[in-house]
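Trainee: Chain residues, written in single-letter form:
There are 2 protein chains.
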Amino acid sequence: MQSYATMSKEELQQEFENVKKIYKEYQGKGLKLDMSRGKPSPQQLDLGMEMLDVINSNSDMKAENGIDTRNYGLLDGIPETKRLMAEIMEVSPENVMIFGNSSLNTMFDMVARSMIFGVCGETPWCKLDKVKWLCPVPGYDRHFAVTEHFGIEMINVPMSEDGPDMDMVEELVSSDPAIKGIWCVPKYSNPQGVVYSDETVRRMANLKPAAKDFRIYWDNAYIVHHLYGAEQGKLLNIIDECAKAGNPDMVYEFASTSKVSLAGSGIAAIASSTKNLDDMKRTVTIQTIGFDKVNMLRHARYFQNAAGVLEHMEKHADILRPRFELVLDTLDRELAGRGAGEWIKPKGGYFITYVTLDGCATEVIRLAKEAGVVMTGAGAPFPYHKDPHDSTIRIAPSYPSLEELKDAAEIFAVCVRYATLEKLLQA
Amino acid sequence: MQSYATMSKEELQQEFENVKKIYKEYQGKGLKLDMSRGKPSPQQLDLGMEMLDVINSNSDMKAENGIDTRNYGLLDGIPETKRLMAEIMEVSPENVMIFGNSSLNTMFDMVARSMIFGVCGETPWCKLDKVKWLCPVPGYDRHFAVTEHFGIEMINVPMSEDGPDMDMVEELVSSDPAIKGIWCVPKYSNPQGVVYSDETVRRMANLKPAAKDFRIYWDNAYIVHHLYGAEQGKLLNIIDECAKAGNPDMVYEFASTSKVSLAGSGIAAIASSTKNLDDMKRTVTIQTIGFDKVNMLRHARYFQNAAGVLEHMEKHADILRPRFELVLDTLDRELAGRGAGEWIKPKGGYFITYVTLDGCATEVIRLAKEAGVVMTGAGAPFPYHKDPHDSTIRIAPSYPSLEELKDAAEIFAVCVRYATLEKLLQA
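Protein sequence lines, in the order shown, are assigned to chains X and R.
Using our numbering, you'd call the opening residue of the first sequence number 192 and step up by one each time.
Using our numbering, you'd call the opening residue of the second sequence number 192 and step up by one each time.
Think of the hints as simulated: they come from the structure by calculation, not from any bench.
Quantities reported herein were computed from a predicted structural model and do not represent experimental measurements.
All clues given are correct.
One copy or two, either will do: identical chains are not told apart, so a pair holds if it fits within one copy or between any two.
Derived lysine-lysine pairs resembling DSSO-like cross-links, with alpha carbons at most 27 angstroms apart:
no.: 1; residue 1: Lys220; residue 2: Lys614
no.: 2; residue 1: Lys403; residue 2: Lys318
no.: 3; residue 1: Lys560; residue 2: Lys230
no.: 4; residue 1: Lys435; residue 2: Lys403
Chain X on its own, in the form it takes in the complex (with noise of 0.2 angstroms):
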């Protein structure tokens, strides 16, 4: 395909009169879909019903160490369901935690916690005069919104294909005591699908933060999220690593099954060292009797252990794999070698993000919109809404069938034609 940047005006001009002919009939079509939400299809739901069969009336309620899940008490989770959690983490489950639905309620606790109790016998952040974060970008818009709402000064980090961009994280953290925590999704990231290499890892795991009180929040979101088998997501283990660098009380690792049982009904687990977990705990025990055990329990005796929630997970990769493919084909089709934007190739997770020319991010996601197609806002990606190259689009694949994906991704590529022209034509 010939690049935009090669084009002649007069090509350029002849090339958008084309593309806007088939816009308007995309337009004509009157379609209603949705690219916007990481949201498992109810197809993957379905996945999910067996395990509400495993505990009914006729279950043994009580957990391996005999205590009665249907009762209060045990603040943090019966053993097999800490085991269980343990091994999709490759921690040990006395370093492991499980709270209830929704691991984004413990990360924001775990802000709220920092920010009224301190960490680990450190000045609580509210009495502060700064706190600032750091934010990988494009990253997960609930991080961000959580980070921004407790008023945290949040500050852009690029990611690459190997994840952030660790000589900048580097120097930021071990200068800056009024830096905190910076967020991370390591596998499969939110948006952009990326893994985070070895050395980024290790790198990571080697800060020399100047607060003490300094933590990673490892989000391991889409752990066991493999659209192409385990082998393509391998990831250093950040818990092992800080250990070994002499920083075990450096990170928090977050996972949960939202998007492996079923995101309305999951549980969550927290990771971290023993002093962690301990300075964690005296709060919790003060918040709460204790969270769902049966829930627990369920997911235990459902899955059994890890391989089990692998199994499981290809069931999830069988349906998401033909949407993510369709999309891709699609924008390798359409888009590439156009000189209209770029895209990784993700090898699991639930997004895939195209980057437009400087300046065409907004257009697009209008002009999808006015052609009934909803993308994830422009800008939704960083932090305070604010795509400083005004390039960035998550393309969630998930949610819609097939036969919706199928419109909404040629929609879309002709949405960045549309655009990227525009922009071409107006230089």
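Could you slot chain R onto chain X? The hints should help.
Mentor: Chain R only, in chain X's frame:
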């Protein structure tokens, strides 16, 4: 029975020898009993088992409004569960929000939000020099643990059989802007089993707080937990009364199904004004993706409505009533008229409170422990664990079997006599 107050020193001495003998006999039995835990018994938990069959792999997982409970979304709860909890609390469903397991968690989070973000635009409490809280005593130890953890200064307010001393509450709340809240368990209070009188509720609703962000934390933990039917536990509706009084935003009401369905897998709810709920949601929407909607559906489908809940609660009452009556009969038989303390006969809830002569509670609990009966620690129902009179003992009859309870109650009565006689003979 002759009161100790009318006995001569010799009579007391003889009685003491007699009681010591009985005590030694019990001690010799080597029993291991526990009246400390306000937990449902296994028999009660069995009542909730049917609920676990309501949702299975064949279920329609859509809520009334068509939302798929298995997926993300819907922050404030599915309509049928909001309606269920609204019916129980006798409020409108739009004034209700549903949370996960543990209503304590919702209360803790409410205080945490107020600390960090402030209440309805007022100064965040963490920016204030001093925050104070009213604590009707005796009260629920975990309430006091929350306010203590946040460094909030707690002020004791004595309870009577009508509820908290409202003269004191009115004076303090109207004069001191540092007072931001009051803990209330208005029905079958923990631990006395007191139901707030209509006058108490009306005076509470008509408070004229010095602080705009003063809130009543109305923990209706035992809202349907009747021992002798709902009629005995009639409580005025605080939400209505606050609205009538022109104080619609002054109260948060909390409830949960912890001791209705399963303590280890229940749902919690908050009822409040739209303004308060909106203020809360501003943060909760950042905090979480959402609470467990499948468990909400399970509860709504199983109980259907408030009548369904009340019917279910009668089965709990049938199990609890004999336990309460056994303990109360033992107190009547062994202690009435002895001048060795007082107690209230509760009509619901989970506890009986025994009030010894001043300075005897710690000793009774020590004696009981040495005879094999674990009681809730002395001071537990008071802020900072300090019972100013060392006289209040919380008895929890729900968990032990009737056989265990028979021994435990008798041993308790002997210990009360023992400690009382010790005290009188020392005087």
